[in-house]
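**Student:** What follows is each chain in one-letter form.
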Amino acid sequence: MELSEYQFEALNESMLLIRVGSTIEAACNARVHALARRIEAAGLPGLIELVPAYASLGLRYDLVHWSGQGSSAFDAIVRALQAALCTSQEDSAPTAAHTRLIEIPVRYGGAQGMDLESVAVSCGMSPDAVIGCHSGALYSVAMLGFAPGFPYLIGLDPRLQLARRADPRQSVAAGSVAIGGAQTGIYPRVLPGGWHLIGTTPLRLFEPDARPPCLLAPGDQVRFRPIGEAEFNAMAGSPR
Amino acid sequence: MTLEVLKPGLLTTVQDGGRPGLACFGIGGSGAMDGPCHALANALVGNRSDAAALEISLLGPTLRMQHDCVLALTGAPISARVEHAANRFDMPRWRPVFLRAGSLLSLGGMASGARSYLAVAGGLQAASWMGSASVDLHAGIGRALAAGDELLCKRSPQPNGLNEDQRWWPSWSINPKPWFDPAPRPLRLVAGSHFDALDESSRRALFENEFRLSADSNRVGFRLLGRPLKLTAGLELISEPVSFGTVQLPPAGDPIVLMREHPTTGGYPRIARVAAVDLPVLAQRQPGDALGFERIAADAAEQLLIRQLRTLQELAAAVRARVTTA
Chain A
1 MELSEYQFEA LNESMLLIRV GSTIEAACNA RVHALARRIE AAGLPGLIEL
51 VPAYASLGLR YDLVHWSGQG SSAFDAIVRA LQAALCTSQE DSAPTAAHTR
101 LIEIPVRYGG AQGMDLESVA VSCGMSPDAV IGCHSGALYS VAMLGFAPGF
151 PYLIGLDPRL QLARRADPRQ SVAAGSVAIG GAQTGIYPRV LPGGWHLIGT
201 TPLRLFEPDA RPPCLLAPGD QVRFRPIGEA EFNAMAGSPR
Chain B
1 MTLEVLKPGL LTTVQDGGRP GLACFGIGGS GAMDGPCHAL ANALVGNRSD
51 AAALEISLLG PTLRMQHDCV LALTGAPISA RVEHAANRFD MPRWRPVFLR
101 AGSLLSLGGM ASGARSYLAV AGGLQAASWM GSASVDLHAG IGRALAAGDE
151 LLCKRSPQPN GLNEDQRWWP SWSINPKPWF DPAPRPLRLV AGSHFDALDE
201 SSRRALFENE FRLSADSNRV GFRLLGRPLK LTAGLELISE PVSFGTVQLP
251 PAGDPIVLMR EHPTTGGYPR IARVAAVDLP VLAQRQPGDA LGFERIAADA
301 AEQLLIRQLR TLQELAAAVR ARVTTA
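Going line by line, the protein sequences match chains A and B.
Take the first sequence: its letter number 194 is residue 194 in the working numbering, and every next letter is one higher.
Take the second sequence: its letter number 241 is residue 241 in the working numbering, and every next letter is one higher.
What the hints contain is simulated information worked out from the structure, not anything from laboratory work.
Small disclaimer: the values here were computed from a predicted structure and weren't measured.
All residues carry an ideal CB built from backbone N, CA and C; glycine is no exception.
Treat each hint with caution, since some may be false.
As the list claims (entries may be wrong) - Label-pair distances were calculated between CB atoms; the ranges are:
#1 B:81 <-> A:103: 56 to 64 Å
#2 A:125 <-> B:199: 40 to 48 Å
#3 B:207 <-> A:68: 27 to 35 Å
#4 B:147 <-> A:99: 26 to 34 Å
#5 A:84 <-> B:292: 37 to 45 Å
#6 A:236 <-> B:146: 47 to 55 Å
#7 B:214 <-> A:111: 30 to 38 Å
#8 A:157 <-> B:184: 50 to 58 Å
#9 A:129 <-> B:48: 53 to 61 Å
#10 A:64 <-> B:201: 38 to 46 Å
#11 B:154 <-> A:68: 33 to 41 Å
Said to hold, decoys possible - Each computed DMTMM-like pair below joins lysine to aspartate or glutamate, with the alpha-carbon atoms no more than 25 Å apart:
#12 B:230 <-> A:9
#13 B:154 <-> B:83
#14 B:154 <-> B:254
#15 B:7 <-> B:68
#16 B:230 <-> B:254
#17 B:230 <-> A:167
Please work from the sequences and hints to get the whole structure.
**Tutor:** Shown next as structure tokens:
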């Protein structure tokens, strides 16, 4: 990717956004994660954090460190980033060492997967076929957001891609596995939500007291494994 | 060594310097809504600026000191009555105050503003998550103060010149004016990347119209009520990182300013951002207050913030030196 294809935008006085694209696509998201790895590898000083999203990368920096260089801090860090990106190679694919594969057990259907039947009807499939389709794909964590530990997973089979619910729910239970548009996600705690609920996992995606507090990280790969009631109940009581 | 919470107040939370660095997990920075007032309360009792202190919203808690301690109050002018044995007095603000064990501090309403900060010498020894004691209610990290809570802190040595009433404070105080000014004035806004997507009258309205702070505003975001703003055409946006001060425009047309507990990503148009130098001013507005905006260039906003940070740092260092060598 050419340097000119990155757009830099100030989000506030100590955070900027680097835009790589404007669509939710695996290839574009992979470029975001690759860009994050290149910036990390460049080891720029005064960099506080990188925040990958679908098609953009947030970058928080130390304003005082980057000020006083004859221009605004924003201009100074953008220049430094451009210089660093010019001299580093684009790594298109992460190495195996970079990527974790996390398996998420899911009890499909039932009280917390109450939309499984209606999703099956909308997709013209049987509920079992929906389960096979959802658990048969390999997903990647495009980004986390909305709430701590909430993963936006891409890789959903096009046959399962439905518009969001017309009336979002005020309260979706923790552990709910949901699909919406081209994405699937898992609710780390009780939250409002407009996606279709097809199952529930006994895993805890966010625990403030745990180390690490979040089960998933940006760029992780995820697979769903169907489980039954007994296995769900056995796992639900045990720690992560 | 504890402060006992008899009444929690409307919304009192422990806040320190926040927890930046975890936004990639969807975990926001949290921290004090009015950062400078939080830092100065800490400096006044000799703490690091980012020590854990109480953020008090609109109506304060009632606390009993179970030991001698030095406290400082900054931010919105809150009523602060102290009872110790037969003594009754008002706790002065913007200076360190030594109170005896057994003192009852009743914090009440605010004459103006929305947030006060109460720091204790040595800092609150509060529960910490991911390296920070900052409560983030929206993220499910920690909780607000409740009656019966005990806040741990250090015993303070008895100051010289303790009077017969068993209380003490210095004759000096910080001038609050640069750090808390309830007088209405326009807040400065930097145009955001979707500002140009507003229709012409909405672009004008943002800077010419008056807005009111909605009653459902909280530490997550401040909703601004006025004539709804409109885009020239719908934008198909995907979620992108957002930050403290981002002004989003949901479809209903009432702008929302993202505050400390905002989600780390958002998919609404970003029409503007509040200049960081004015975020503490915004944090002190009460629901129902009128708000107006004026435009400022990004570079100018950055320079103002750098100047504010320097002034704050110098003042905090000077105050800390005075307190710790006294």
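**Student:** Run every hint past the structure and note whether it holds.
**Tutor:** Now for the hints, and whether the structure bears them out:
1. B:81 <-> A:103: 56 to 64 Å: holds, 59 Å
2. A:125 <-> B:199: 40 to 48 Å: holds, 44 Å
3. B:207 <-> A:68: 27 to 35 Å: holds, 31 Å
4. B:147 <-> A:99: 26 to 34 Å: Given about 49 Å between the Cβ atoms, the range is violated.
5. A:84 <-> B:292: 37 to 45 Å: Hint holds: Cβ distance 41 Å, inside 37 to 45 Å.
6. A:236 <-> B:146: 47 to 55 Å: At roughly 28 Å between Cβ atoms, residue 146 (chain B) and residue 236 (chain A) fall outside 47 to 55 Å, so the hint is violated.
7. B:214 <-> A:111: 30 to 38 Å: holds, 35 Å
8. A:157 <-> B:184: 50 to 58 Å: Since the Cβ atoms of residue 157 (chain A) and residue 184 (chain B) sit about 56 Å apart, the hinted range of 50 to 58 Å holds.
9. A:129 <-> B:48: 53 to 61 Å: Once the Cβ atoms are compared, 59 Å apart, the range 53 to 61 Å for residue 48 (chain B) and residue 129 (chain A) holds.
10. A:64 <-> B:201: 38 to 46 Å: With Cβ atoms ~40 Å apart, the hint holds.
11. B:154 <-> A:68: 33 to 41 Å: holds, 37 Å
12. B:230 <-> A:9: Cα-Cα ~23 Å, so holds.
13. B:154 <-> B:83: Holds, at roughly 21 Å.
14. B:154 <-> B:254: violated, 46 Å
15. B:7 <-> B:68: holds, 20 Å
16. B:230 <-> B:254: Status holds; Cα separation ~9 Å.
17. B:230 <-> A:167: Satisfied, since the Cα-Cα distance of roughly 23 Å is no more than 25 Å.
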